[in-house]
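First to last, the protein sequences are chains W, A, V and G. For the first sequence, the working numbering begins at 123 and goes up steadily by one. For the second sequence, the working numbering begins at 123 and goes up steadily by one. For the third sequence, the working numbering begins at 123 and goes up steadily by one. For the fourth sequence, the working numbering begins at 123 and goes up steadily by one.
One copy or any two copies: either way a pair holds, since identical chains are not told apart in the list.
Straight-line Cα separation of at most 25 Å, SDA-like style, residue types lysine to any residue; simulated pairs:
#, residue 1, residue 2
1, Lys328, Asp255
2, Lys321, Ser331
3, Lys328, Thr235
4, Lys359, Arg196
5, Lys236, Ala257
6, Lys278, Asn339
7, Lys195, Arg169
8, Lys195, Val182
9, Lys359, Leu175
10, Lys236, Asp255
11, Lys328, Asn269
12, Lys328, Asp225
The hints are simulated quantities; they were obtained by calculation from the structure and are not laboratory data.
There are 4 protein chains.
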Amino acid sequence: MAMSSFDALIQDLVIANRILANEDVVDAYGHVSVRHPDNPRHFLIARSVAPELVTTEDIVELDLDGQPVRDEKRTLYLERFIHAAIFEARPDVMAVVHAHAEDTLAFGVADATKLRPVIHSGSFIGTEVPVWDIADNFGDTNLLVTNMEQGRDLAKRLGVNNVALMRGHGFASAGRTLIEVVRMSVYLPRNARTLMRAKQLGGTIKYLSQGEIDARNRGYSPYSTETWRAWEYWASKAGCGHMLTRPDDEGTRTLRG
Amino acid sequence: MAMSSFDALIQDLVIANRILANEDVVDAYGHVSVRHPDNPRHFLIARSVAPELVTTEDIVELDLDGQPVRDEKRTLYLERFIHAAIFEARPDVMAVVHAHAEDTLAFGVADATKLRPVIHSGSFIGTEVPVWDIADNFGDTNLLVTNMEQGRDLAKRLGVNNVALMRGHGFASAGRTLIEVVRMSVYLPRNARTLMRAKQLGGTIKYLSQGEIDARNRGYSPYSTETWRAWEYWASKAGCGHMLTRPDDEGTRTLRG
Amino acid sequence: MAMSSFDALIQDLVIANRILANEDVVDAYGHVSVRHPDNPRHFLIARSVAPELVTTEDIVELDLDGQPVRDEKRTLYLERFIHAAIFEARPDVMAVVHAHAEDTLAFGVADATKLRPVIHSGSFIGTEVPVWDIADNFGDTNLLVTNMEQGRDLAKRLGVNNVALMRGHGFASAGRTLIEVVRMSVYLPRNARTLMRAKQLGGTIKYLSQGEIDARNRGYSPYSTETWRAWEYWASKAGCGHMLTRPDDEGTRTLRG
Amino acid sequence: MAMSSFDALIQDLVIANRILANEDVVDAYGHVSVRHPDNPRHFLIARSVAPELVTTEDIVELDLDGQPVRDEKRTLYLERFIHAAIFEARPDVMAVVHAHAEDTLAFGVADATKLRPVIHSGSFIGTEVPVWDIADNFGDTNLLVTNMEQGRDLAKRLGVNNVALMRGHGFASAGRTLIEVVRMSVYLPRNARTLMRAKQLGGTIKYLSQGEIDARNRGYSPYSTETWRAWEYWASKAGCGHMLTRPDDEGTRTLRG
Chain W
123 MAMSSFDALI QDLVIANRIL ANEDVVDAYG HVSVRHPDNP RHFLIARSVA PELVTTEDIV
183 ELDLDGQPVR DEKRTLYLER FIHAAIFEAR PDVMAVVHAH AEDTLAFGVA DATKLRPVIH
243 SGSFIGTEVP VWDIADNFGD TNLLVTNMEQ GRDLAKRLGV NNVALMRGHG FASAGRTLIE
303 VVRMSVYLPR NARTLMRAKQ LGGTIKYLSQ GEIDARNRGY SPYSTETWRA WEYWASKAGC
363 GHMLTRPDDE GTRTLRG
Chain A
123 MAMSSFDALI QDLVIANRIL ANEDVVDAYG HVSVRHPDNP RHFLIARSVA PELVTTEDIV
183 ELDLDGQPVR DEKRTLYLER FIHAAIFEAR PDVMAVVHAH AEDTLAFGVA DATKLRPVIH
243 SGSFIGTEVP VWDIADNFGD TNLLVTNMEQ GRDLAKRLGV NNVALMRGHG FASAGRTLIE
303 VVRMSVYLPR NARTLMRAKQ LGGTIKYLSQ GEIDARNRGY SPYSTETWRA WEYWASKAGC
363 GHMLTRPDDE GTRTLRG
Chain V
123 MAMSSFDALI QDLVIANRIL ANEDVVDAYG HVSVRHPDNP RHFLIARSVA PELVTTEDIV
183 ELDLDGQPVR DEKRTLYLER FIHAAIFEAR PDVMAVVHAH AEDTLAFGVA DATKLRPVIH
243 SGSFIGTEVP VWDIADNFGD TNLLVTNMEQ GRDLAKRLGV NNVALMRGHG FASAGRTLIE
303 VVRMSVYLPR NARTLMRAKQ LGGTIKYLSQ GEIDARNRGY SPYSTETWRA WEYWASKAGC
363 GHMLTRPDDE GTRTLRG
Chain G
123 MAMSSFDALI QDLVIANRIL ANEDVVDAYG HVSVRHPDNP RHFLIARSVA PELVTTEDIV
183 ELDLDGQPVR DEKRTLYLER FIHAAIFEAR PDVMAVVHAH AEDTLAFGVA DATKLRPVIH
243 SGSFIGTEVP VWDIADNFGD TNLLVTNMEQ GRDLAKRLGV NNVALMRGHG FASAGRTLIE
303 VVRMSVYLPR NARTLMRAKQ LGGTIKYLSQ GEIDARNRGY SPYSTETWRA WEYWASKAGC
363 GHMLTRPDDE GTRTLRG
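Between the sequences and the hints, there should be enough to build the whole structure, so can you do that?
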């Protein structure tokens, strides 16, 4: 019996959670969501639980105000408004990650070095990575994005970019598919580390050119063999290779974001 | 049959030991203690054994002079006086960690950069992290806190703060619950690393403001879903998820510090 | 029944893939190849799959234009032209690695510090490690080597050296045997890290002298006890110790590159 | 049936190998030896095999010229002369480690920062850590210590100290017991990392005073509870906790170095 494309998407969301945990992008905190394939004003995300422990039963459906669509007794992520606000502001975005990956944090805290792509796998973060400071418009807070107003302020700072750093906190990234946003979030800290080391080595740093960033972006295809290769590998390392839905099932593939 | 709240606390202390080992906060050395729930002049801590190997049988009960309450043939931690002295000086403190987490050490050794919160998960270390140097009052020692006089000197330097660095040695942290002190001790090295990297990147560093630190502190609740999420995740990673006492058992929860 | 030397070579290639993955030289991306022992104009490499997941069934035979020798429906590595072009240009080379090992990347991006051997295990990278920038002759690309023209340009920059860094991308290394190229690729990032740290410590850096590099190179023998020791250890750590062909089987050994 | 003290020592030597591998002090290369308890002109060391793979059958007995005492067909470590020469020069030394632990290497390569104890667990490396450069007396070599003349030159540079760095290569450390030399070798890289980070943080660095180093050294006892705690923990992590000989077996303990 074939798995429905919706069930396959739920499984992919579980895989995404596990990959992000296993690749040290998230720890107890951080989350990943995907827009509902049949209703663009809804999205899917886990209830409040550490990503490594997420199962299909933990996935809930929220609307673009961050409210659960169905009766839900379980606690939700405090910061689900990051996802709601980005999905609201950016119809092109199908998947969102919020995380505190350690090696990105310094770039939101020190102002002398802008985070920009220096390696080809970092190209997907895009030319500009804005830094959002919650204090600019909300003063002294606990730094968490706990309502739609804060979420919308972050989404506004993100603008048309793929990643925004959040000062003293982490980052939000937005992609055209789950696989893209996971990959971007895995390579973001690697790009950050490479840039830090390049600064230490000194001299002139050669960033990716705008033309290179564009060329890589044009070549991206969510279910290409190359993209799948990483997804399959990371899922396998995270212990959920058995949950993979093969992309050669064309029917399923085209239905999925 | 329900587990008593005291037995649950002992298990939590074992979990705390395992988490600190698994998160690289302690290695063969370092320890964690909790104040006795029924007798504030006693506290619970393991006998002299590496935290990763601690079981419920290893927990002993000591008084505020660091002496065992019952006949005890097994060797105790040489530095149990750190715990005794902090519990003595700070009635508000319910749990203490002493550790040598590597990435905190440089801040106790070099004097140009003060360790302060730069990330939201580091806020619990508080505005001020004093550095205690055992040599100031005790001259040339083996750097270990091996009696109450040294322990009290450290507790005095800690003052009303949550963490004190110990020059050339490690740190002591103090919390309102076991979960809080473990979390603080896990995120302390992460905050330290972020600050080191920010210094390397250069420019002005934006620390958390006093208002932000206060806002985060006000929002803290030891058995909130968010706090529990990390505890559950770390315990699970450390291989002792099966020892967790669910916080939805209200009777147990309110009895525990 | 004795394994043929060709089958043993295929197994060695699988082992090489797994070692490179386990030692963090490759992740989902990166590949290793070996020249065909009976036909120097062919080489063996995996189909497009993450190195950690490679099995003997994944190995395909390509010619020096990077084209499959037999009917092949499975997708091939986009960058197989790196291997084809180096085998074409360098008859002395029997094995090639292309990878993105993180700690080598900064040296291709910052121009103030040249990557050179500072530790004895890094000596095999050779006196000179040229940096190839695909943009010099091909302008704005996706940075991947996707045809023979680009591959040949890289091979030309590699010249008679053992390693070329690829700006913003990774490196290509070339050896006289599979074991040599794997070892070189494992120690290349370690040499890079040591050099970075030495720069931070400051003062004059003592690189290996030309005489030392030559002396080490003269002493190298692919199946010496010392070389085998590392191969056996890495294979064992990567979980494929059972696939090792013992070098004391002299017949097999001399037939293999 | 009680294990003889000699057999227990052999097992301790196997444990030492495994601990050093598991703690990343050695990889495929590096070795540890112990002086023969009944014949101070002999010592015990593994045949040429990666430390992680060493078993009791791999241990061989060598004399102070580095030659095997019994008929031995198996290949020996090329650099066994490091051990022979240090045992020859230093009657007080009962155990020797030679390793390439990565974070020590930069201190042998850059001349601006001397490696000295900054943390209490690093005190055992002693006040002075000389750097030996094989090139000073032997010119261009492959950097390996492959004969007694080179070994003696290294031992001379080591002098009365506990550790000598070997430029571009690694270090040699010497202790009064196996447990001491293992512990010193594990904490040496940690001390090196702390010092590197302290240099980055800037300002004045507070090293351990001579009085502190002396106080720690006086307090050291090879089978104290504190020392055993680390040995037990590391052995347990390295998967050979079952091979531990309990130190409470007094007869065995006093017979062992």
